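*Asks:* Given chain B's structure and the hints, the job is docking chain V onto it.
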Amino acid sequence: MIHENLWQVRNELQRNGILISFTGKLTQELIEEYGAAVKQYLESVNVPRNNVFQTFSIFIEQTQNIKNYCSSKSGTPIYDEIAQSCIVTIGNMDDKPYVCSGNLVEKSDAAGLEERLSPLITMDKEGLKQLYKTVLKQDVPPDANGSGLGLIDIARKASRPLEYSITEIDPRFSFFTLKAVV
Amino acid sequence: MEPLIIPATNSTPQIHFDASLGKLVVKGQSYPENAFKFYEPVLAWTNDYLQHLQEQAVVTMELELPYINTSSTKCLMMLLEKFEAAHCAGKPVKVEWICNMDNESEYECAEEFQEDLTLPFEIIEKNSDV
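Line by line, the protein sequences give chains B and V.
Quick note: the first sequence, position 97, residue 96 per numbering that gives the first Met the number 0, numbers continuous.
Quick note: the second sequence, position 108, residue 107 per numbering that gives the first Met the number 0, numbers continuous.
Chain B on its own, in the form it takes in the complex (with noise of 0.2 Å):
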């Protein structure tokens, strides 16, 4: 099966510009290994440093928030189901890279997730300084899995607004996508 389906599979993945991608659960070993090829691919096929660099951060930020919303819902019955529903892409478009990651999120979450992000949509880089700054003056609440500066960091290094799409799969859950242009 697999074999007539991987042409297909493959010149799908070129239309997209995807360059490195993979599925599944996340673990921070995982993370680690796919950020430091990720860094040495790009590298390899002559990115300038600074895209490197800033491709490197936003897929450390896009992953660490897919590992800790799926570890926020570790010990209910939906874990796996939405651990094991990651995908993460790297491409390469118009000379620009990009990270495009995608997991499913239960139908309760999309409504905050929305709120935390179309703010950052509109924002100039400046607003989106401040914002940060002040983010990072708050207190983090003791239950906290994270600063929730992620987002906002991903936005100030991506080079037009970022982009995201909530797509309902079925009563429980939505598929959520983040797509952000170095």
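Because the hints were derived from the structure by calculation, they are not lab data.
Note that this is a predicted model, so its numbers are computed, not measured.
No false leads were slipped in.
Pairs of lysine to any residue, SDA-like flavour, derived with a Cα cap of 20 Å: (1) V:K36 x B:N67; (2) B:K38 x V:N102; (3) B:K132 x V:L116; (4) B:K124 x V:E110; (5) B:K156 x V:P65; (6) B:K128 x V:C108; (7) B:K136 x V:M77; (8) B:K132 x V:K81; (9) V:K36 x B:N64; (10) B:K38 x V:S104; (11) B:K132 x V:E80; (12) B:K136 x V:E110; (13) B:K124 x V:E114; (14) B:K136 x V:V41; (15) B:K124 x V:E111; (16) B:K128 x V:E114; (17) B:K24 x V:E32; (18) B:K124 x V:N102; (19) B:K72 x V:E32; (20) B:K132 x V:M76; (21) B:K136 x V:K36; (22) B:K95 x B:E162; (23) V:K36 x B:Q27; (24) V:K36 x B:S71; (25) V:K26 x B:A35; (26) B:K136 x V:T117; (27) V:K36 x B:D138; (28) B:K136 x V:F112; (29) B:K95 x V:N102; (30) B:K136 x V:E111; (31) B:K136 x V:L42; (32) B:K136 x V:E39; (33) B:K128 x V:E103; (34) B:K128 x V:F112; (35) B:K136 x V:M76; (36) V:K36 x B:S70; (37) B:K38 x V:M100; (38) B:K124 x V:C108; (39) B:K132 x V:F35; (40) B:K156 x V:N102.
*Replies:* This is chain V only, laid out in the frame that chain B set:
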């Protein structure tokens, strides 16, 4: 006071805090799975050290962080706030941030910390390709 020494890993920096030298070094990439857990002993040691600081010699925090994720940045902020408070209390502390100027995000990160702190804070150019 016992020095705090933690060797570097892929995703955590080397920590070398030596009270006898008055030098606190954080060096390497920082993007651990749980930054708060990693930096907790670092913050605790610093707290203790600064509280009992008597000496007149300057205490230097030496930073070299080619990549730092956002939750580590938050922890670093907490660490530097302790230094800032010591400075405001009249204690002789300073920050030296060694930076690869070719890396915009690395320099920008150092610069933004510098903007918000009043203690002596120097950004030092790293010799290229060392």
